[in-house]
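Single-letter residue listing:
Protein chains: 4
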Amino acid sequence: MIKYSLKDDYSEGAHPKIIEKLLQTNLQQENGYGNDIFSDKAKQEIKNKIGVSDAEIHFVTGGTQANLTVIASLLKPYESVIAAESAHIAMNETGAIEATGHKIHSVKAYDGKVKCKEIQEVLDVFNNEHHVKPKVVFISNTTEIGSLYSKKELTDLSNFCKKNNLLLYMDGARLGSALSSKYNDLSLPEIAKLVDVFYIGGTKNGALLGEAVVIVNDNLKANFRFHMKQRGALLPKGRLLGIQFLELFKEDLFFEIGRHENAMATKLAEGIKNLGFDFLTKPVSNQLFPILPNNLIKEISKKYDFHIWEKKTNEKSAIRLVCSWATKEYVIDEFLADIKNKL
Amino acid sequence: MIKYSLKDDYSEGAHPKIIEKLLQTNLQQENGYGNDIFSDKAKQEIKNKIGVSDAEIHFVTGGTQANLTVIASLLKPYESVIAAESAHIAMNETGAIEATGHKIHSVKAYDGKVKCKEIQEVLDVFNNEHHVKPKVVFISNTTEIGSLYSKKELTDLSNFCKKNNLLLYMDGARLGSALSSKYNDLSLPEIAKLVDVFYIGGTKNGALLGEAVVIVNDNLKANFRFHMKQRGALLPKGRLLGIQFLELFKEDLFFEIGRHENAMATKLAEGIKNLGFDFLTKPVSNQLFPILPNNLIKEISKKYDFHIWEKKTNEKSAIRLVCSWATKEYVIDEFLADIKNKL
Amino acid sequence: MIKYSLKDDYSEGAHPKIIEKLLQTNLQQENGYGNDIFSDKAKQEIKNKIGVSDAEIHFVTGGTQANLTVIASLLKPYESVIAAESAHIAMNETGAIEATGHKIHSVKAYDGKVKCKEIQEVLDVFNNEHHVKPKVVFISNTTEIGSLYSKKELTDLSNFCKKNNLLLYMDGARLGSALSSKYNDLSLPEIAKLVDVFYIGGTKNGALLGEAVVIVNDNLKANFRFHMKQRGALLPKGRLLGIQFLELFKEDLFFEIGRHENAMATKLAEGIKNLGFDFLTKPVSNQLFPILPNNLIKEISKKYDFHIWEKKTNEKSAIRLVCSWATKEYVIDEFLADIKNKL
Amino acid sequence: MIKYSLKDDYSEGAHPKIIEKLLQTNLQQENGYGNDIFSDKAKQEIKNKIGVSDAEIHFVTGGTQANLTVIASLLKPYESVIAAESAHIAMNETGAIEATGHKIHSVKAYDGKVKCKEIQEVLDVFNNEHHVKPKVVFISNTTEIGSLYSKKELTDLSNFCKKNNLLLYMDGARLGSALSSKYNDLSLPEIAKLVDVFYIGGTKNGALLGEAVVIVNDNLKANFRFHMKQRGALLPKGRLLGIQFLELFKEDLFFEIGRHENAMATKLAEGIKNLGFDFLTKPVSNQLFPILPNNLIKEISKKYDFHIWEKKTNEKSAIRLVCSWATKEYVIDEFLADIKNKL
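If you read the sequences in order, they're chains E, F, B and X. Take 0 as the starting number for the first sequence in numbering that gives the first Met the number 0 and just add one per residue. Take 0 as the starting number for the second sequence in numbering that gives the first Met the number 0 and just add one per residue. Take 0 as the starting number for the third sequence in numbering that gives the first Met the number 0 and just add one per residue. Take 0 as the starting number for the fourth sequence in numbering that gives the first Met the number 0 and just add one per residue.
What the hints contain is simulated information worked out from the structure, not anything from laboratory work. Warning: the hint list may mix true and false statements.
Identical copies carry no separate label here, and so any pair may be met within one copy or between two of them.
Heads up, simulated DSBU-like pairs for lysine-lysine below, C-alpha to C-alpha not over 35 Å straight-line [unchecked claim]:
#, residue 1, residue 2
1, K327, K311
2, K134, K40
3, K134, K151
4, K162, K75
5, K192, K116
6, K2, K20
7, K162, K6
8, K2, K281
9, K302, K249
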């Protein structure tokens, strides 16, 4: 029996509109390396959506590549980056940032979010030439554990960074879900005003692959394509990324997908809550971390695929459930019914 | 007026069979990061084609990424790589190899091909701890200027490398055209016996993107996925690469595309030759470098897109013409007629 | 008024016997780059002292250079090093290790010492290709806060590392003080059996500069001079290091200096204890961290130079006092008398 | 029999005045890491000598370390350095520059000197994001084969670099010999005006070790000590370097040593010329490359130590002879007499 996967948001291919567009445009000849008409238009659409007409936008194939290319472009050899201890760059990128020569300071963040206090503590200690010099603050929105930055939180971070001559960089692998959450009070234009660089995730929001790096800070714009080429991030058929982002942003598809992911996740979360279960972190986006009895986990794992996230007690563990652009409502219903039946 | 491009082999999308397969499989749920059923099957098909049942095969998104990930995996910090002065890694990857910490020795190669004599000259000089230690020989087949390695040449290189404790790595960005050339006398199984690592290019042979890294030497197989993840080469939707390589290798599509590219290029080359023009290098693959009068170049550039490769005299220059999976025969006819008309 | 410095163990030049030897040998012609007769003899003396006749020994100019050269030589690109959060490589080397491409896992260590439990916790999490692969455990003896590894502790670490396929590397910047402490139960031969690589510090134990890297594990010996040259660690006049280590090890000078440092520190510690003050960490080597009232600190800082290490309460702080080969007993007496007078 | 070495300028220890000063100052307590009074004074003396009161000066332990620390500080990840094919960084530093991530373009230079024409050729080719971006021009004075830059040559290079937004960096490992040559028409203040960064070599001009990095270009001054610490170039007993450079520059010792080296070399060159022998390059500094019959080379190698540089014909080879601060005139006389006797 093939299990249904709620393991992540990259188990299916691309949103049908995107696949359709790839098919339609397939024979059209275009310039290589991102100099195609689709990439140009996609960049224009994104600029319109973020309200920054002179932002520098570049499409790369994945999140780790986005992070390592951006961060290496921002730092001098002796500079470092501050991130939450759960940050993707600190935990899940096989030392990609260090491989470009830079230290990551991992700071405590029970909810996955970096706070000014913890940044200040790093600055207090790392303050002369015997230490690396902290320069970039890395945040993810949504975070790696599904939480969201509020407008207040992001504004505080932004002000703190400006005051301390730090750069603020947001990993938006799941920005689609973040911006579409009912708990969100941030807009794309606001984010573009508050950070120096961010990326808008395509892979986990309906694309086959692709992330849109957006450089807002004027000082950081020069020669980014050199960095991309050096890191293997400049695709000969760059049209592949341009076409997808054009489809996502020419109308509302990017947000539509985010809303669908969240709607499915919300239904799933409420169903689980109604059955009396608690969550590791408050469910606010397309990633949920319900805490379930181990025997129940064992039962449902026969039919569904998901990650066991962490052991809570000898009897209970948190699992991760993720909804994607392709998650079907009837599967949620069935999953909830299956849990109910096992109780 | 939109020009017809003969500029490169990545101006169009993917071969229709590949696009079709992406569409068909789009909703099927699969494991991420290359652990999907398509990637598994594609690897099996490639192993069958190369006749090495325990080869390690990995799919990455592009050629620069393949080169930097492979080469960084093969070298200790003080080791270096020898390549032709025209090699992609030496000229066209923005220092990607050096960015992983390694020197490239550029050796003379009038025909784009590395020879034992030039390798020996490097070994003679770089022979103690005051110098880097040469360890990898990098070759491209076809080369960056469209030439081919013969079985004799590759065997000589292979023997020389084994004798001198060097590793031989082949960049096969255009291996499809190479193996399908009427001038070729090498087979995939023979290449797999003669080199330690090579990659089979998808991007320039009908795929949207993707290169298949093939590790034949047992000592080099361990932990390659760590290298991939660190360099940003492990795609969440790895299926995208697996599906494409499965389509290319499950039957004969990879070679069929190579043959088409070469057939179109051959027709083009013969037509140009018949009009009395010479070539920078003998036309044997899908890249041609005819030497044309500058005023003729100017005329045809109104209707066709191509690279001006190098100035030969004040009156003549070599241009580069490339045929892809999508090049139409009537375009070749038209192009030749257009030249004839301008004479 | 010039203050007397108890700030560190590198405020004076070299032990007089060393300076004397430099003078005596100055005109003797020798081979460069460490191939001189003094370096040869010094290596032989050290091999005799550690009881490993085939150890590979190399002299480098400083501790950061030793650490970055050794660690970069031990790791593949995706491998990482585990160290105490207070470790010199984690805190005080300006990202030297990361600049060679490698992540440091900082583990909790209230007493400056790495324990198996914390290493195991890292191994439990970093266990597949999405994470760096821990490979080296870095320890300092004495530690950065003056504590010592016992034979039991080092044996446990060594066994744990062997069992888990990890390499154990000891930074011995202050190994002279460690081995000469009355609390020490480890010998040089025992250390050489328990670790894979270590370095014996000269700079902080009577030399002008210089650390002796000792490679015990056979697998790690090849081509270390290539690593040295690449990192700028191979001195043309390598004799400078050889002469100093020969002087330190041909008889007992290295340990004599350690004993002197410790004797001065012990006298100082006991005097401070007798005056009723406590210490941040138990005084067992040439670094002391007494906790003193802030007004007393202010008073004595008029006459003595030292680091204020950390604030304990609003009224009290820990300071760092260090004794060197050159510390005079009368200064200790005077310092203690000065404190007493200020109470 | 112990041979007399004319192999290099680092076979003896330091100039007696330097050793003497180390002895005299040995017990004086000083701040660590280059913040000592000797380093301060030495920097002031050098500033006076170069006539740039706000130059940034830093002392490091050796030439490879100077080169890798400086060059890594000047370049963004995608930028490269242009050097003569015989340059120390290209040939004799085991890939130290590449290990910091940067490509070296080796240009033809029959006389060891980089010329504008060859730089321009690199700029013509490496001119977009598919290539590294050349940024630094590296020159050595004297060069690795003993030649000198004239004022005209250096001015041309300087103007060319300014015009092309390149930085000019001079490796002055043997600047003492260069500036003291009778063929030299450059002064220290002139060099300081024409280059952006240079280093003044101590190791090969009478010091035990040490090079003085001089940063003249204001844009390049910030945070150099961070780079130094990260590369292992910040010595705890930095006084060791300060004392030596103070001795070299407080009066005229640096130039006196250069004149002695050159005087000995000139006498040696003229003697060899008078015996009818030719040279690989014109003898103008403390390195000579006479071309001698192989049987003569064999004979004199019984009594003298030197490098055989390169084979010229089956009968003749060029050897390298080097004079140092310690070379005695009677040895030159004896060497010449020995040759004469063997003819």
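Checklist entry - Tell me, which hint numbers fail for this structure? => result Structure breaks no hint.
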